[in-house]
Each structure stands twice: as C-alpha cells, then as structure tokens.
Amino acid sequence: MITEALILSAILFVVGTFGVLVRRNAIIMFLCIELQLNAVNLAFVALSRLVGIDGQVFVFFVMTVAAAEAAVGLAIIISIFRHYESVDVNNFNLLKW
Amino acid sequence: MVDILFYVFAAVAIGSAFGVVLARTPVGSLLFMVSTLASVAATYVLLEAHFLAAIQIIVYAGAIMVLFLFVIMLLNLGHEYRRDLKAPLAMIPAFAVVGAMAGFIARVFRATDVGAGMMTEAGRGIDAALLEHGAVGAIAQPLFTDYIVHFEVTGILLLVAIVGALALAKRSV
Chain Y
15 MITEALILSA ILFVVGTFGV LVRRNAIIMF LCIELQLNAV NLAFVALSRL VGIDGQVFVF
75 FVMTVAAAEA AVGLAIIISI FRHYESVDVN NFNLLKW
Chain E
22 MVDILFYVFA AVAIGSAFGV VLARTPVGSL LFMVSTLASV AATYVLLEAH FLAAIQIIVY
82 AGAIMVLFLF VIMLLNLGHE YRRDLKAPLA MIPAFAVVGA MAGFIARVFR ATDVGAGMMT
142 EAGRGIDAAL LEHGAVGAIA QPLFTDYIVH FEVTGILLLV AIVGALALAK RSV
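Top line first, the protein sequences correspond to chains Y and E. Numbering (this note's numbering) for the first sequence: 15 to 111. Numbering (this note's numbering) for the second sequence: 22 to 194.
Check the hints yourself; a few may be wrong.
Simulated restraints, written as ranges between beta carbons of each label pair [claimed, not checked]:
| id | chain 1 | residue 1 | chain 2 | residue 2 | range |
| --- | --- | --- | --- | --- | --- |
| 1 | E | Ala75 | Y | Val79 | 13 to 21 Å |
| 2 | E | Gly83 | Y | Val54 | 44 to 52 Å |
| 3 | Y | Asn107 | E | Ala149 | 44 to 52 Å |
| 4 | E | Ala132 | Y | Val54 | 16 to 24 Å |
Worth flagging that the hints you see were computed from the coordinates, not collected in a lab. Glycine residues also receive a C-beta, built at the ideal position from the N, C-alpha and C atoms.
Next up, chain E with everything else stripped away, as it sits in the complex:
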C-alpha cells in the first residue's frame, strides 16, 4: 500500500516537474511547482519525516510560492502565451549537460547498492527517537543542542536577507 502511494506521488512529482519546465505562462509553471512540492511533501510523510512535510507545505508551498506569485503579478508577467525557450543552438549544450548528468547518476546508482547495507546505528535509532520525542521533538533535540551555532547563524542570515531584499527592491537607492 505504502509502495503504491509512493509510486503515485512520485509520478505526480515528475509529471509536474516537467510541467514547471514546459508550461507556457509563468503562473502555470508556478502552479505546477506547487503540485510538485505537495507530492514531495507526501513522499516525506511516507519516509516518516512528518515535521518536514508540514514545513514543506507551510513554508515552501505557502510562503515562498506566494512570494513568487506576488512578483509575477507585480511585474505583470501573467499573460505571455508563448513559451520562452532559448534559441535552438543554445539547446544543444543544455541537452548535452542533462544527458551527461543523467548518465553519471545512472552509473552511480548501478555501482553502489543503496539500501539496508548502508544502515548505521543512528539510522536504526531514528524510529525510537520519533517514538520517544514525537515528530517535532526528534528534530528539535539535535537542532537546539548539536546544531545551535548553525541555528543562530541562520537567524543572522535571514536578517541580512530581509535588509538586502529591501535595499535591492527599493525604488531609489
């Protein structure tokens, strides 16, 4: 059952990812992106990362995508009905790069056996941690102990981003 659900959401995610790349209008791209984000959130749930699934929906699909939509509406880009693909000559390196990447990834997957063989002690303990602390507590515990410095630095980064965004988007500098 879980496997079938995973394949359904994976198919939706890949289909909407192609939709993002090939949609005619920017708003269409954006709505396909929201669909991709929602199906990736569903795969997070199937991988037992419930807190991240909630954050994915609230922060990504909720806040960041609304910011994109806001900018598309602000710049009045909603009605460009022809696809703005690059010139055919510029497509050749694009296909070459993508083909090389796909080939490389396929080789990596064939060479290494990802699965139960890579399981570590911490990996086995993850289910116990989820049971003991709950979905939020299991992430909060390392976040506020081992990674406290990174957490504070992220706060400073967000402050800098707010100031930078305001300074850049201001009408007169």
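Next up, chain Y with everything else stripped away, as it sits in the complex:
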C-alpha cells in the first residue's frame, strides 16, 4: 500500500501543477498549490511507515506553514482585488518584464 500511496501522491502533485499552470483565477491557482502541499504530505505519511514517525512530525509542520501561507496569500489577493477589482492573474502585470 505504501507504493500505491506514493503513486497517488505523485498523481495529485502533477494535477495540482497542471491547475496552477492552466487557470487564471488567483484563488484557484492558490487552491491548486494547497493540492500540491497535500500530495507532499501524503508522500511523507506513506514514507513514515518505512523510516519512522519523523515523517508525520514534518506533516504537522507543513500543515502549520500551509495555514500561515493561506492567511497571508489570501490577504494579498484581497488587497490586489481592492486595486484592480479582479483576481485574474492576466491583469497583474506590475512585476512583468
């Protein structure tokens, strides 16, 4: 079951990457990043069956960092929305070359 869990984690990670690259709505891109974080968490939990409980402690830290990241990222999206009245990433060109 560990191999199958790692394969599931790889599939979820690739689907998340696809979502980040394909969508234009900043909030959905952000959701897809959460999906990638989750895929990595699943890989950590699966491998913790082989190499000890430390993997699960890392998942705990990843979840805390994900919560902090979600709060700050959504705050950035809110302040961008105030400025442009949109969350479409095509409109945010201030940092483009």
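Fit chain E to the known structure of chain Y by using the hints.
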C-alpha cells in the same frame, strides 16, 4: 478489504483533484478540494496516521477551506460561469511541464523499488510506538523533544503570519 478501501478513496481523491482544476465556479473548485482533502484523510487513516487524519479534517477542510470560502464570498466571485483557462498558446508549456513531470516520476518509480526493502529500524518501531503512546502521543513525543526548537519557531511564524495578514488586508496602510 483495506486495499479495496484505499483504491476507492484514491479514485475519489484523483477525481476530485481534476474537479478542482476543471470546475467552472470558484466555489465548485473549493467543494471538490474539500472532497479531495477528506479522501486523503481517509488514506491517512489506512496508513495508520490517525492523528494527522483528524488534523487534516479539522485544520485543512475545516479552517483553511472556510478561509478560502470566506474570501470568495467577500470578493463576490461566486457567479463566474465560464472557465477561466489561460490562452491556448499558454497551455502548450503547461502540458509540456506536466508531461515532463509525469514522465520523470514514472521513471523514478520504475528505477527504485519502494517497499519492504527500504524498511528501517525506526519504521519497524512505529507500530510499537503507536501501541505504547497512542495516536497523539506517538507524534507528541518527538515533537516536544527532538523538534522543540522547530515547534517554537513555527509559533513565531504563525504570529508573523497573523500580523502580516492584518497589515496586508487592512483598508488604509
């Protein structure tokens, strides 16, 4: 039985992951994401990580997803009924990157034999630790001894995140 359950939850997780990417409305994406998180939590249970399964449901599906939903509602994005995919030209690099990643991962899986061969002493001890300390205690024991510094730093990170989120979302800076 456990294997069948695993495959059922894996199928739900992958299907809802595609739902997240392809749903028309942001709220639909979000509900698919909750379904993915719940099925991943179920696979955590099958992998005997019961504490993390509970945290996944409470923190991820409960708190973080509600935060996302709150922002979607606040910005009034609930009724965009057309899919906001990128321009077709921008899709080509996306498919190229995803194809390269899938190919690379498939090669890694074919090259290395993940399984009983990688089992270490600590891996064998995990079931004993779960029996001795319980699902929470088995994680708490290393968390508050070996990883105490990381734990404290995570607390500071959360404090900084609270201050940062407030400063960024405030109306006048």
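- Message: If I claimed the Cβ atoms of E:Ala75 and Y:Val79 lie 13 to 21 Å apart, would that claim hold in this structure?
- Response: Hint holds: Cβ distance 19 Å, inside 13 to 21 Å.
- Please test the hint of 44 to 52 Å on the beta carbon pair from E:Gly83 and Y:Val54. Violated - the Cβ-Cβ distance for E:Gly83 and Y:Val54, about 20 Å, lies outside 44 to 52 Å.
- Task: Indicate whether the distance between the beta carbons of Y:Asn107 and E:Ala149 respects the range 44 to 52 Å.
- Result: With a Cβ separation near 57 Å, Y:Asn107 and E:Ala149 fall outside 44 to 52 Å, so the hint is violated.
- Query: Measuring from beta carbon to beta carbon, are E:Ala132 and Y:Val54 in 16 to 24 Å?
  - Reply: For Y:Val54 against E:Ala132, whose Cβ atoms are near 20 Å apart, the range 16 to 24 Å holds.
Of the numbered hints listed earlier, those contradicted by the structure are 2 and 3.
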